[in-house]
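Trainee: Using the sequences and the hints, build the whole thing.
Each chain is listed here by its residues.
There are 2 protein chains.
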Amino acid sequence: MAFKLHNYFRSSTSTRLRIALNLKGLEYEYIGYALLRHEHKSADFLARNPAGLVPVLELDGGTHLAQSLAIIEYLDETRPEPPLLPADPPGRARVRALGHMIACDLHPLNNLRVLRHLEISFGADERAREGWFRHWVAEAFDPLEKILATDGKTGIFCHGDTPGLADICLYAQVWNNRRFDIAPDRWPTIARIFDALERIDAFSAAAPPNQPDAG
Amino acid sequence: MAFKLHNYFRSSTSTRLRIALNLKGLEYEYIGYALLRHEHKSADFLARNPAGLVPVLELDGGTHLAQSLAIIEYLDETRPEPPLLPADPPGRARVRALGHMIACDLHPLNNLRVLRHLEISFGADERAREGWFRHWVAEAFDPLEKILATDGKTGIFCHGDTPGLADICLYAQVWNNRRFDIAPDRWPTIARIFDALERIDAFSAAAPPNQPDAG
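Residue numbers (the numbering used here), protein chains in the order written: chain A, 9 to 223; chain B, 9 to 223.
Worth double-checking, as some hints may not be accurate.
Calculated lysine to aspartate or glutamate pairs in the DMTMM-like style (CA-CA distance at most 20 angstroms, straight line) [what the hints assert, rightly or not]:
| no. | chain 1 | residue 1 | chain 2 | residue 2 |
| --- | --- | --- | --- | --- |
| 1 | B | 49 | A | 169 |
| 2 | A | 49 | B | 52 |
| 3 | B | 154 | A | 52 |
| 4 | A | 154 | B | 52 |
| 5 | A | 154 | A | 169 |
Residues from chain A shown here face chain B by an in silico Cβ test under 8 angstroms; the list is partial [what the hints assert, rightly or not]:
| no. | residue |
| --- | --- |
| 6 | 58 |
| 7 | 59 |
| 8 | 61 |
| 9 | 79 |
| 10 | 86 |
| 11 | 88 |
| 12 | 90 |
| 13 | 100 |
| 14 | 104 |
| 15 | 129 |
| 16 | 143 |
Quick caveat, the hints were computed from the structure, so don't treat them as lab data. Positions of the beta carbon are idealized from the N, C-alpha and C atoms, including for glycine.
Mentor: Put into structure tokens, the structure is as follows:
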């Protein structure tokens, strides 16, 4: 088994990477880190990624790669089938942009570490943290829904009828939203795409409850 | 002139894109949107990008591309010289990961819209917002410094002796940090790379004070 995946079941960046590995048919050893017990801040993990963030993909030979989207691009470059990005540059730009609407504009704001820091810095209680979380989900999902619903390039999935990088981000984020019981119904195109993805084994097998460290 | 750049002088995602356009030697028409006057929430701008976020690159023919890193990858794919990513996949993964440490883990948390939302939601005053800003800069720049200082792949710039995607993110973020007078001195390798980048016209010409809407 060539790959070791250092990750956490509920981390949505970890979910992204698990989906990509599954879609590429790549086996990996699953190594879980309990973020609530700060295991990703241990000396062992920091030697793998000084940023102290999951996921990290350890390659055969010991190289460690960090940052979910950078790793997924690496997998797509080194194992091209099935492709996670379309072949044409405008299509690639569209798929990356849809993915980054989640990966850059939404997910970083609703991370566990950010919710914790809101509590420490501003005394934000559970209800305030939920308000924060919901705000940023809507800020990203409202325009994402609009783009997906109105652009003819959307198909069964975010871009045509083949699942790719944008779908990976969308699927992981819809799972992440469940932390505060946010169902995707308010965004019908996102909900429809999520349902289609849920029927693909590579996606559903990567979902948080299906991981060995799920608790 | 083929490109129209819809952007804002102080936006660091806009700075990234200006650098990439300059490095590629691509001319563009500069169209500024005063974020403080909410011009990026106008119907005109929302028709270009429903997310209401700068920058947007309008191509000849009217296609609008959003998300700075997706646009930069598009430019690199369609105008390969000079390359903004190395040729080898592990090198590309390293450069993208360094860039994403800023673009995903840092910049989204310190955006103008986030600082505003802290004020609205938690009554965060200028001092509290500065504390928040400094916290996330340190959370990202401390490990970034460690990686850049200890990894032999670092050269004059983040990856060898050619400026690329990671340098683009680093340069824009160091400018962004000046909003709260954060000098890079605390991170000597970052400071050294920033100084080297500052001497390249493509970078310094893209800096916020050198834009037509700078005020």
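Trainee: Does each hint hold? Answer for all of them.
Mentor: Hint check results:
1. B:49 <-> A:169: Distance of about 32 angstroms is beyond 20 angstroms: violated.
2. A:49 <-> B:52: With Cα atoms ~46 angstroms apart, residue 49 of chain A and residue 52 of chain B exceed 20 angstroms; violated.
3. B:154 <-> A:52: holds, 16 angstroms
4. A:154 <-> B:52: OK: residue 154 of chain A and residue 52 of chain B at ~16 angstroms, within 20 angstroms.
5. A:154 <-> A:169: Satisfied, since the Cα-Cα distance of roughly 19 angstroms is no more than 20 angstroms.
6. 58: With a closest approach of 4 angstroms, the residue 58 of chain A hint holds.
7. 59: holds, 4 angstroms
8. 61: Interface hint status for residue 61 of chain A: holds (7 angstroms vs cutoff 8 angstroms).
9. 79: Result: holds, 7 angstroms to nearest chain B Cβ.
10. 86: Status holds, d = 5 angstroms.
11. 88: Violated - the Cβ of residue 88 of chain A stays beyond 8 angstroms from chain B, reaching only about 11 angstroms at its closest.
12. 90: Not OK, violated: residue 90 of chain A not within 8 angstroms of chain B, min 17 angstroms.
13. 100: holds, 7 angstroms
14. 104: The hint holds - residue 104 of chain A has a Cβ within 8 angstroms of chain B, the shortest such distance being about 4 angstroms.
15. 129: holds, 6 angstroms
16. 143: holds, 7 angstroms
Against the hints set out earlier in the document, violations occur for numbers 1, 2, 11 and 12.
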